[in-house]
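Each chain, letter by letter, is given below.
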Amino acid sequence: MLTKLALTGFKNRWRDYLVLFSGLIMSSAIFYMFEALATNHDFLKQNTGISMVGIIFQFGSVLLTIITLVYISYANSFLLSMRKRDYGLFMLVGARKSKIGQLIWLETLLVGVVATVIGIIFGTALTAGISRLLISSMDLTLHHLSAWYLPAAGITLLLYVGLFLLAGLFNLVTLTKTPALKLLHSNDQPNRPRLKPARQLLEIIVGLIAIAIGYWSMAHLDTLQLAGIGIALVTIVLGTYFLFNAIFVWLMVGLKRLPFAQRGLNSFTLSQLSFRIRNYTKMLSIVAMLFALALGAITVGMGFHAQTPKLAASSNAYDMGIVNATTAEKQQVTALKPTTNVTYHFKTDKKAVYYQATEFDQHPFTTINMQGKNQLNFKRKTNDAKQLSKSPASYQLSQLQASQSQNKANVFLSAKDYQKLAQPEHSLTVFATNDVTQHLPALKRLAKVQGQRDHGLVDNMLGGRYGNYVMINGMYSGLEFMGLFLGIAFLAMLASCLMFKILSGADADKHRYAMLDKIGTTHQQLRGAINKEIAVLFILPGIVGVIHVLFGLQMFKFLMVVSPYTGIWLPFVIFAGLYLLYYLLTVTIYRRIVLQ
Amino acid sequence: MTTPIMTVSDLHKTYGKAGTKQYEALKGIDFSVQPGEFVGIMGASGSGKTTLLNMLATLDQPTSGEVTIHQQPITHLKGNQLADFRAKEIGFIFQDFNLLETMTAYENIALPLTLQKVPAKKIRPAVENVATQLGIQDFLTNYPNELSGGQKQRVAAARALINEPAMLFGDEPTGALDSKSARELLDLFTKINHDQNVSILLVTHDPFSASYCQRILFIKDGRIGQELRRGEMNRSDFYQQILDNLGTFEQ
Ligand SMILES: Nc1ncnc2c1ncn2[C@@H]1O[C@H](COP(=O)(O)OP(=O)(O)O)[C@@H](O)[C@H]1O
Ligand SMILES: [Mg+2]
Chain A
1 MLTKLALTGF
11 KNRWRDYLVL
21 FSGLIMSSAI
31 FYMFEALATN
41 HDFLKQNTGI
51 SMVGIIFQFG
61 SVLLTIITLV
71 YISYANSFLL
81 SMRKRDYGLF
91 MLVGARKSKI
101 GQLIWLETLL
111 VGVVATVIGI
121 IFGTALTAGI
131 SRLLISSMDL
141 TLHHLSAWYL
151 PAAGITLLLY
161 VGLFLLAGLF
171 NLVTLTKTPA
181 LKLLHSNDQP
191 NRPRLKPARQ
201 LLEIIVGLIA
211 IAIGYWSMAH
221 LDTLQLAGIG
231 IALVTIVLGT
241 YFLFNAIFVW
251 LMVGLKRLPF
261 AQRGLNSFTL
271 SQLSFRIRNY
281 TKMLSIVAML
291 FALALGAITV
301 GMGFHAQTPK
311 LAASSNAYDM
321 GIVNATTAEK
331 QQVTALKPTT
341 NVTYHFKTDK
351 KAVYYQATEF
361 DQHPFTTINM
371 QGKNQLNFKR
381 KTNDAKQLSK
391 SPASYQLSQL
401 QASQSQNKAN
411 VFLSAKDYQK
421 LAQPEHSLTV
431 FATNDVTQHL
441 PALKRLAKVQ
451 GQRDHGLVDN
461 MLGGRYGNYV
471 MINGMYSGLE
481 FMGLFLGIAF
491 LAMLASCLMF
501 KILSGADADK
511 HRYAMLDKIG
521 TTHQQLRGAI
531 NKEIAVLFIL
541 PGIVGVIHVL
551 FGLQMFKFLM
561 VVSPYTGIWL
571 PFVIFAGLYL
581 LYYLLTVTIY
591 RRIVLQ
Chain B
1 MTTPIMTVSD
11 LHKTYGKAGT
21 KQYEALKGID
31 FSVQPGEFVG
41 IMGASGSGKT
51 TLLNMLATLD
61 QPTSGEVTIH
71 QQPITHLKGN
81 QLADFRAKEI
91 GFIFQDFNLL
101 ETMTAYENIA
111 LPLTLQKVPA
121 KKIRPAVENV
131 ATQLGIQDFL
141 TNYPNELSGG
151 QKQRVAAARA
161 LINEPAMLFG
171 DEPTGALDSK
181 SARELLDLFT
191 KINHDQNVSI
201 LLVTHDPFSA
211 SYCQRILFIK
221 DGRIGQELRR
231 GEMNRSDFYQ
241 QILDNLGTFE
251 Q
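Going line by line, the protein sequences match chains A and B.
Numbering-wise (full-length UniProt numbering), the first sequence opens with residue 1 and increments by one.
Numbering-wise (full-length UniProt numbering), the second sequence opens with residue 1 and increments by one.
So here's chain A without its partners, still in its complex pose (with noise of 0.2 Å):
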């Protein structure tokens, strides 16, 4: 009998249900696809080559943890407060407590296990497709990667289903505690925004402190080491939290006293807003959070992306050299439209290299030369036969040269001198294009091609531009796509958060909407206040996860060679769009909710 009125409570509910699984799901995926990297060692070894990373992953688990028990917690209300009503009615018509105690505890469990068990599936299915799509689509190389890793699951299905019994176990003793009167009649009050100023400038003060003393933990990570990106942690939380709890309740109160407040609807958004302050502030904090940790997964992972090319492009002025290059191989330079295409001949022993100087006169050799410490601050030189020579930067010409030549020493000779060698003439092409990355495919088949005649020339001994940038390439793949999966992964975290928090208090607000309309609201007017309520909880994280963002990349200065802020606006200009579509998709859902 009670079976089945709790199942009855489940059927009038299914909306409220599917948000809460749909929630609860995601999160469990998410935490699956951050601890199928974090916990797979052979992955982190072999892809980044930096022990730091691993450290940062350990880092990160706490953090997802921590953000998992909050979620929880969150979807643990809003599970008991649509079921306060049905239980304490339950107890109206007689049921015993023990039973309830147990409906109660069992319901909660199995929300939890189905949820996590799907959301284990779904995680190792989004690891899989995400890492085909960035695989492919950013030219990298992984080892080791597998998107269905036991432990991670297994770690997962333990934090998960420990906190929900745990959350059951709060269940029971809450509802068998309350009496069925207070059930039944349990509609969360407003609390009314206070404003108690000594108190709200202190955890300013020291929410500022905190986020100060975490930015500047950053900076400092080369002293610091490890314990700086603990400090980190800590203190932005904190004081992020510190800020929202302060800086909101004191924007409510003080927008409601402009002229502003009283046009429209606005004094009713504001006053969602601040009902929901106590509320918010936590799921605000969290979403800052991760807001700065998805933008700066994107940022760095784009950032190391970018680097790759540039640094290619600062090893050597040409992208391949190509020994006795065929009409059809030199066809096929050409149709790159390089915009240096030159062919030198030469003749060879075992010390050296011969090459006739009047070519080099006719055509310099352009050389990369360093200017001080940074590898990126470069000059380019032509050089004639003399001037390359004596040039200490004449070792780009060996690394165009095929294998067994790479270590001999060239010579300049004049054309007497050439002809008087007895040994068979050869030519090396030597050509740049616009942009490597531009014409990958074709230097690489261009490359296979010169290694079927020349079985020494295996990827590294590929001195061009293109050589290197395979080489780099491999070296910061693993780092690329850490930082473009977590970005990814923190990102669906963060929307999950915030659209479910928006979500699961939907269904209070239906009666408000409902009255508006009675007063005789118009639809344009109900909707704009919607739009208007939803986009500050969207907006206020944002802004506070871009600052973090900013500061945060001061951590990165010691990985890379580019600054980290160097073409930050591609990223964030990605990340807005995304961010946006969530916007619009929440609003969406939260319309049909409350505007049946």
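Rather than coming from a laboratory, the hints here were simulated on the basis of the structure.
As the structure is a computational prediction, the values presented were derived from the model and not from experiment.
Derived list of chain A stretches under chain B, where covered just means 3 residues or more per stretch with a C-beta under 8 Å from a C-beta of chain B: (1) 249-263; (2) 270-276; (3) 507-521.
One-sided excerpt, in silico: chain A residues whose CB lies under 10 Å from chain B: (4) N266; (5) S267; (6) Q524; (7) Q525.
Glycine included, every Cβ here is placed at the ideal spot set by N, Cα and C.
Let chain A serve as the given structure and place chain B with the ligands on it in line with the hints.
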């Protein structure tokens, strides 16, 4: 006779879609209300009072028949016209107050004005004026959950009246109040009706509330069965007459 402020002609309402189980809640209602009249609609629970009021107040659409307010047909109003009409021409008070618990009493009362984009400067005097009439000027900064039932209902009344509507509708507005608060609210209605000439349509099943009206329509099984006029009678006599009438009407 003056032109009526509201006319209701041959109003029908059938619940349930064609083909499913249908229930005819209103079976042809005709009556009219004169400007400044205080009319009561009485009937047993389930007789169709709320259904009727919802049609009159544009909250629901009738299956057939027409309602006019100020000579304007209202049953087919839609979208912004409907919203405008609700905001300007009518006010409602419900049994369960229907206040926004996230807003203070002041903000609740001001809402219809802000919706109509009334300049901010004019809002405060208007709210204070109506609040004083209803005796709630001291509670304006309170939230609904900090007010008693009677106070809440007066806030709801203030919100309904602030746009100076032509008609005020009440669906059992005293239903959730204790008898003292109910009496105070009804006295206020009488005063507003008298001083401002607002027409009031009050739905109730309670004879005491009904005794404040000038005219009572009795509804039974979706039809108006009977009509009582108070005329020059004092309230307690009228109350007695209502009780007697209910005895015969409801048997
Ligand atoms: N939305 C609805 N769908 C179907 N039947 C309804 C609906 N609303 C009311 N009814 C039925 O119409 C009749 C009149 O209801 P109502 O107007 O609420 O009565 P009153 O307010 O006089 O108590 C009742 O029998 C009720 O069951
Ligand atoms: Mg009713």
